[in-house]
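Undergrad: Since the structure of chain F is provided, determine the placement of chain P on it from the hints.
Number of protein chains: 2
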Amino acid sequence: MENQNKSLAVVAVSGGLDSAVATAIAAEKHELALMHISYGNKTQKRELEAFHAIADFYNLDKRFVADIDHLRKIGNSSLTDRNIPVEDYDPNIQGIPPTYVPFRNANILSIAVSWGEAIGAGLIYVGMMEEDSAGYPDCTEDFINAFNNMIKVGTRPETNIELIAPLIHMTKGEVIKNGLELGAPLELTWSCYRNEEKACGKCESCVLRLRGYKELGIEDPIKYVEMEGKVS
Amino acid sequence: MENQNKSLAVVAVSGGLDSAVATAIAAEKHELALMHISYGNKTQKRELEAFHAIADFYNLDKRFVADIDHLRKIGNSSLTDRNIPVEDYDPNIQGIPPTYVPFRNANILSIAVSWGEAIGAGLIYVGMMEEDSAGYPDCTEDFINAFNNMIKVGTRPETNIELIAPLIHMTKGEVIKNGLELGAPLELTWSCYRNEEKACGKCESCVLRLRGYKELGIEDPIKYVEMEGKVS
Chain F
5 MENQNKSLAV
15 VAVSGGLDSA
25 VATAIAAEKH
35 ELALMHISYG
45 NKTQKRELEA
55 FHAIADFYNL
65 DKRFVADIDH
75 LRKIGNSSLT
85 DRNIPVEDYD
95 PNIQGIPPTY
105 VPFRNANILS
115 IAVSWGEAIG
125 AGLIYVGMME
135 EDSAGYPDCT
145 EDFINAFNNM
155 IKVGTRPETN
165 IELIAPLIHM
175 TKGEVIKNGL
185 ELGAPLELTW
195 SCYRNEEKAC
205 GKCESCVLRL
215 RGYKELGIED
225 PIKYVEMEGK
235 VS
Chain P
5 MENQNKSLAV
15 VAVSGGLDSA
25 VATAIAAEKH
35 ELALMHISYG
45 NKTQKRELEA
55 FHAIADFYNL
65 DKRFVADIDH
75 LRKIGNSSLT
85 DRNIPVEDYD
95 PNIQGIPPTY
105 VPFRNANILS
115 IAVSWGEAIG
125 AGLIYVGMME
135 EDSAGYPDCT
145 EDFINAFNNM
155 IKVGTRPETN
165 IELIAPLIHM
175 TKGEVIKNGL
185 ELGAPLELTW
195 SCYRNEEKAC
205 GKCESCVLRL
215 RGYKELGIED
225 PIKYVEMEGK
235 VS
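As given, the protein sequences belong to chains F and P, one line each in that order. So the numbering used here is basically just the index in the first sequence, starting at one, shifted up by 4. So the numbering used here is basically just the index in the second sequence, starting at one, shifted up by 4.
Some hints could be false.
[Claimed, not checked] Cβ-Cβ distance ranges computed for the label pairs, FRET-style: (1) K77/F x I168/P: 19 to 27 Å; (2) G139/F x K77/P: 29 to 37 Å; (3) E35/P x D73/F: 21 to 29 Å; (4) Y62/P x N63/F: 47 to 55 Å.
It is worth saying that the hints were derived from the structure and are not from the lab. Quick caveat: nothing in here was measured; it's all calculated off a predicted structure. We put the CB at the ideal spot given by N, CA and C, even for glycine.
For reference, chain F alone in the conformation it holds in the complex (with noise of 0.2 Å):
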């Protein structure tokens, strides 16, 4: 594809701490097309603040934002089912949590293909990881290397585009130190599946971070509701 640049990579942006790494680590190698789908979870204003923050920080121009309402209707996730309240985080909880939204990751990263198939990216970078994380079934290693089969098989010929998940087997500390090294504006990223001011502190996503964050002995940046007994 005459227009194809592997040098371009699109970037998938929740406005998370683990997308903003990634879009650091890309950022050493790569011009970037940085991408954000709100798809009806319940922080998604928060989110998108922090996603345009990000792309600010790296003064990146080529932003694509996505409003997905489906994945809202179809519901059967407490992240985006009005009716379903995100609980506090049970290190017990067995299988896949309630806060799963079903096949999300494969919606985004197609329109994250579907736009790099167009712009003539090269790669596509995701910050997802696997062993550190809520245990979804499509943050996974073999997730990523069953959907690059796919965009394989599935695009023009001439279109050769890679999925790259540089975190995917990372702790929440080392993606934290990456991103500091890296100089990732940890401070503008937003990780709380509940609330958009302050972070509760005791989701699932706010403990996971603010574990990693322990992991290294050093202070998230950003504000949460309670400063005392928020890692469980």
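TA: Okay, now just chain P, sitting in the frame of chain F:
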């Protein structure tokens, strides 16, 4: 998954001839849930109307409709970009035709899986054809297989959804023959990429459809702008 029902099948229904026949085939064996996605395509109103007409014909209440405007914003296709006209079918065209919508079917099928997982479906039917088609990369058996592999690894361990493309190796004539034998409401379907009142008879989709009817030696029940010289 306790509520999973191997006999419940989601059918992705564009409103075209192929998806109506896929619906008829699925209806022989399963309880159906019909899904339709508008994606900013020029004929989306007419296709949505055809979808509801097919769902009404089968007397189905389980319907899911979503409008994913991002494929229109991404453009790069004569089906979605208002500045690129839908050309008459050209049998000499090389490679992927301009009607290809980048990675469209991965977007649509990901929504089908999200919905299917949420409602506990065990199957997803899709009307894709490989040989007697426009040659889109995301309409092939390789793509179906790669997508099935991604479903397997990317959904809950207890979810077991299989994507089925019963028309994949049929000719258009065979599709119509199957549809007629099963009593599919082919007169309610819409295939034209260009018009919403009378089919143009000249775009790729019309020409493939008319060629199928010609193969069987019968007349297409829908209305065309002109009835002469329509099959090239």
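Undergrad: For each hint, tell me whether it holds in the structure or not.
TA: Verification of the hints:
For K77/F and I168/P, the Cβ-Cβ distance of about 24 Å falls inside the hinted range of 19 to 27 Å, so the restraint holds. Distance hint for G139/F and K77/P: a CB-CB separation of about 33 Å, consistent with the stated range 29 to 37 Å. Checked against the given bound of 21 to 29 Å, the beta carbons of E35/P and D73/F, roughly 26 Å apart, stay inside it. Between Y62/P and N63/F the beta carbon distance is about 54 Å. The supplied range of 47 to 55 Å therefore holds.
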